[in-house]
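What follows is each chain in one-letter form.
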Amino acid sequence: MAQVVKINVNGTDHEVRAEPDSMLLYALRDNLGLHGPKFGCGLSECGACTVILDGVAVHSCVTPLGAAHGQKIVTLEGLSVDGKPNALQAAFIEEQAAQCGYCINGMIMTAQAFLDRHPKPSRDEIKQALNNNLCRCGTHMRIVRAVERAAGMAPAGEGAKQ
Amino acid sequence: MNEMTPVAGRGIDRRGLFKLSGGLVVAFSLFGGAEARADALPATRLGGVPDAAKLSAWLAVHPDNTATLFTGKVEVGTGVQTALAQIAAEELDFPVERLSVVMGNTWETVDQGPTYGSRTIRYAGPQIRHAAAAGRQVLLDLAAAHFKVPAERLRVNDGVIAVSNAPQRSVTYGKLVAGKRLDMTIGATGTSFAMKVAPRAKLKNPKDYTVVGTSVARKDIPGKITGTFTYIQDVKVPGMLHGRVVRPFGVQAKLLSVDETGLKEIPGFVQVVRRENFLGVVATTEWGAIQAAAKLGSVLKPKGPTAYGAKWSDWHGLSAQDHIWQTVRDTSGKNTTVSETGSVDVALHGAAKVVRATYRTPFQMHGSIGPSCAIADVRRDRATFWSGTQMPHTDRQVMATLLGVPVDRVDVHWFEASGAYGRNGLDQVVADAALMSQAVGKPVRVQWMRWDEHGWEPKGPPIAQDLAGAIDERGNVTAWRHHMWIPTFLDTTLVAAQLINQPNVGGSIGLGLPAITYAYQFPNADVTSHGEGRVALRTSWLRSPAQFETTYAMEAFIDELAASAGQDPLALRLKYLKDERAIGVLKAAAKAYGWKARPSRAGKGTGQGKLAHGRGIAWANRDDTRVATIADVTVDRTTGDIRVTRVVVAHDCGLVINPDGLRNQIEGNVIQSISRSLHEEVTFDTARVTSLDWVGYPILRFEEIPDRIDIVLVNPGDKYPAYGGGEPSTCPTAAVISNAVFDATGVRLREIPFRSDRVKALLTAA
Chain A
4 MAQVVKINVN GTDHEVRAEP DSMLLYALRD NLGLHGPKFG CGLSECGACT
54 VILDGVAVHS CVTPLGAAHG QKIVTLEGLS VDGKPNALQA AFIEEQAAQC
104 GYCINGMIMT AQAFLDRHPK PSRDEIKQAL NNNLCRCGTH MRIVRAVERA
154 AGMAPAGEGA KQ
Chain B
16 MNEMTPVAGR GIDRRGLFKL SGGLVVAFSL FGGAEARADA LPATRLGGVP
66 DAAKLSAWLA VHPDNTATLF TGKVEVGTGV QTALAQIAAE ELDFPVERLS
116 VVMGNTWETV DQGPTYGSRT IRYAGPQIRH AAAAGRQVLL DLAAAHFKVP
166 AERLRVNDGV IAVSNAPQRS VTYGKLVAGK RLDMTIGATG TSFAMKVAPR
216 AKLKNPKDYT VVGTSVARKD IPGKITGTFT YIQDVKVPGM LHGRVVRPFG
266 VQAKLLSVDE TGLKEIPGFV QVVRRENFLG VVATTEWGAI QAAAKLGSVL
316 KPKGPTAYGA KWSDWHGLSA QDHIWQTVRD TSGKNTTVSE TGSVDVALHG
366 AAKVVRATYR TPFQMHGSIG PSCAIADVRR DRATFWSGTQ MPHTDRQVMA
416 TLLGVPVDRV DVHWFEASGA YGRNGLDQVV ADAALMSQAV GKPVRVQWMR
466 WDEHGWEPKG PPIAQDLAGA IDERGNVTAW RHHMWIPTFL DTTLVAAQLI
516 NQPNVGGSIG LGLPAITYAY QFPNADVTSH GEGRVALRTS WLRSPAQFET
566 TYAMEAFIDE LAASAGQDPL ALRLKYLKDE RAIGVLKAAA KAYGWKARPS
616 RAGKGTGQGK LAHGRGIAWA NRDDTRVATI ADVTVDRTTG DIRVTRVVVA
666 HDCGLVINPD GLRNQIEGNV IQSISRSLHE EVTFDTARVT SLDWVGYPIL
716 RFEEIPDRID IVLVNPGDKY PAYGGGEPST CPTAAVISNA VFDATGVRLR
766 EIPFRSDRVK ALLTAA
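Here the protein sequences come in this chain order: A and B. Mapping of the first sequence onto the numbering used here: position 17 corresponds to residue 20, and the numbering continues sequentially without gaps. Mapping of the second sequence onto the numbering used here: position 640 corresponds to residue 655, and the numbering continues sequentially without gaps.
Hints are computed from structural coordinates only; laboratory data are not their basis. Small disclaimer: the values here were computed from a predicted structure and weren't measured. For glycine and all other residues, C-beta sits at the position ideal for the given N, C-alpha and C. Where hints are given, some of them may not hold.
[Said to hold, decoys possible] DEER-style ranges, computed between Cβ atoms: (1) B:Ser328 x A:Asp16: 15 to 25 Å; (2) B:Gly332 x A:His121: 47 to 57 Å; (3) B:Leu626 x A:His121: 25 to 35 Å; (4) B:Leu626 x A:Asn134: 19 to 29 Å; (5) B:Ala372 x A:Gly86: 51 to 61 Å.
[What the hints assert, rightly or not] Which stretches of chain A does chain B cover? Using the computed rule of at least three CB atoms under 8 Å from a CB of chain B, they are: (6) 27-38; (7) 102-114.
[Stated by the list, open to error] Away from chain B, derived, C-beta distances all over 10 Å, residues of chain A: (8) Lys9; (9) Ala51; (10) Thr66; (11) His72; (12) Glu80; (13) His121; (14) Pro124; (15) Ser125; (16) Gly155.
Put together the whole structure using the sequences plus the hints.
As structure tokens, then:
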């Protein structure tokens, strides 16, 4: 049965009324109205639902809401600072690193958690960090460049005119 | 000014406009809990479609000197929203960043045809260009009356009109229009792709372009990066319930009974929706709907047709997967001759060398990352839909037929979806939502589960191709035969309609078309397509439909002939081509790559250790866009793994609207088609699709992407009109990889996908 579960999302405390064994993704999307985390597979196979839970990138489609009780969750919306894109998001915009963009939540959240621990990664380390995130449009080259740009590495490509 | 009407409802007030259009329609509150909803949505928008002959159908100018372009085309991730805005802004002399774009909403956009086939810039571009040019003339006429000077004395810059030599006498577009609707008649004839808009509008000389041809940043990207963008999957409407489908165990199994035991205990469960063989569940929460659907049998790996609450007949009507090629060849259809020159039979008979080969390409899927989703609100006398379809105006008609509601009582609100790359489940799920909403009398949001998408999205069809070529003593190609067996990729039927035993509502199955551009000048040629109806699974158009497959066979087989004749594969192509733009892209790609003429080494060259290296080349002409691709591959002889390390693409789609947007598309086409070449094959048994997730149907991962994709844009200026860039660079990739693997190893890959186990087996047998 539905219970009250307390979670902190993007710095704000929330009481969510839902079943504890329902998945965190649905609480974030349906109860809190967030658009960042996406339903992609529900199977922990594609990464579209990724959020950062107490500093770790997790797949919210298979994380029971009850397991997030009392924890701090950051979503794509929560990366922005004073309504402005953070450094990683700005790098994605600079590189025009999206086509349909449905996977991009997972790319950015996975990359953010990775960069937080590995601020100066190699290109191969970036690819490995993102290897469980699927993109169907084929935006991979730009995604890798955007993460490199955010990490302060020399961008390899030409960004769009702003 | 007498042609402009003060507007209450439609599109002039910027605040109001945002509420009823585009990505900001649905207000949501982080603190509104489950009640976050689209309270800003109007109760109804019913009232037909706008008149394409009126300027207001295309353009609205707002008092704050912003403007809105209205188009029936939709954004599918390719960047056409921004590119179309550039085309309009250019003719309007208006800042592109102040021009927003409303797409696809059926009550406020003109039906310009579906968004498919790399046709948006090519066909909708000129329609919008003419409408915008007519709009500029209208604004100049208004300003002439305002200043009481001839229009010839006026100058326009960034949406401000000034009198020549009197810059203090200036007025913005917004002030001129003063919040009124632009009801002026600009004229329009024809429909869809063939519509001609404002035929007498005076167009800007392309030599004077300042916005078209520049890499304007895409309008949609910042919202997608920060999480403020609203996809169809994010839309909520007041009173909305959540639905999930429960598909038959076997594709055409009959629903025998439904045991609802345990459903009432699921929190939020509302009801089962059953109509003939259509089955769904509705709940107040997504989780409740998912749990209820699972009890009835909607799970990743169902144990059998009667193992869950829904009991299905034990249906086994599909061709077995290992028999599919024979089924493709045995299916009756219609032959179409693409090219018939001389006598291939005579030439083959007298040839010094004859080469024959068969190429096979399997069912593949669109594989959207976000499963298909739609909302329907079906009432007794009207119906409203929220959809991410690539054809909202068509779906409006189809839903009117399905529901028996007059078409002028149906609206479709369009929102962007996860990329579809063709007709995936997005149209199918609209019908699912319609049936569920009709049954419960409330708005219902339906999102497919991953296994629904993998299992029931219409697939790209399996294609078999036989080729034969003749070579004379001097190494000339004297004959070319290419026979194709192509099942339909134009199937527009609906699963839901089939399940309620009305299979012909909404569309037809269609026939496979000869999707090929044959351009070689061989003295004897026979290129024939055998177009068929449905073979086994439901199919539809998938990026470069059938031409990805026919280009693979054509361009790999010419490589076989070049190798057999001991000639450089680029030189052999150039010897038999007259098409200047084809020659242009081949030479441009070769130059960028640093191509040195030599025959394929057939594995006898470099890399004799564990890793073998090779290069491949191929080209295509898809709907007047020419593209040539060259790639380097590395083959691991011990595992059969192929890695594409470097790709060079030369691309000529005529006038380029947004170079960086086009490059983004080309990179995407290259990576997606590498994935299709190396990994992708739908698996099925005699009852159903069995590759139901990303484990069963893997796609390319980051560790496999090329190190470099170099792109050369050929003829990007105004020498040619703008053709399409959404698909063509998909076409050459499979042949390029197959040819490069032959160069590296001497093994010829004639069946997609080039999975490592297949490659290893061929290497072992060689």
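Hint-by-hint comparison with the structure:
As the Cβ distance of serine 328 of chain B to aspartate 16 of chain A is approximately 52 Å, the hint placing it in 15 to 25 Å is violated. A hinted range of 47 to 57 Å holds for the C-beta pair glycine 332 of chain B and histidine 121 of chain A, which are about 53 Å apart. With their beta carbons about 29 Å apart, leucine 626 of chain B and histidine 121 of chain A fall inside the hinted range of 25 to 35 Å. The beta-carbon spacing between leucine 626 of chain B and asparagine 134 of chain A, approximately 21 Å, falls within the hinted interval of 19 to 29 Å.
Hint check: alanine 372 of chain B to glycine 86 of chain A, Cβ distance near 60 Å, so the stated range 51 to 61 Å holds. Counting residues of the segment 27-38 of chain A whose beta-carbon sits less than 8 Å from any beta-carbon of chain B gives 8, enough to reach three: the coverage restraint holds. Note: the segment 102-114 of chain A has 8 residues with beta-carbon separation from chain B under 8 Å; the three-residue rule is met and the coverage holds. With 10 Å as the threshold on Cβ separation, the claim that lysine 9 of chain A sits away from chain B holds: the shortest Cβ distance comes to roughly 14 Å.
Listed as outside the interface, alanine 51 of chain A is inconsistent with that label: its C-beta sits roughly 6 Å from the nearest C-beta of chain B, within the 10 Å cut-off. Its beta-carbon lying about 13 Å from the closest one in chain B, threonine 66 of chain A satisfies the requirement of being farther than 10 Å from that chain. For histidine 72 of chain A, the condition that its CB be more than 10 Å from all CB atoms of chain B holds, with the nearest at approximately 16 Å. Once the 10 Å rule is applied to beta carbons, glutamate 80 of chain A is inconsistent with being away from chain B; the minimum gap is 4 Å.
Against the 10 Å criterion, histidine 121 of chain A stays outside the reach of chain B, whose nearest CB is about 15 Å from its own CB. No Cβ of chain B approaches the Cβ of proline 124 of chain A within 10 Å, the least distance being about 13 Å, so the stated non-interface status holds. With a minimum CB-CB distance of about 13 Å to chain B, serine 125 of chain A clears the 10 Å threshold, and the non-interface call stands. The claim that glycine 155 of chain A lies off the interface holds: its Cβ sits roughly 19 Å from the closest Cβ of chain B, which is beyond the 10 Å cut-off.
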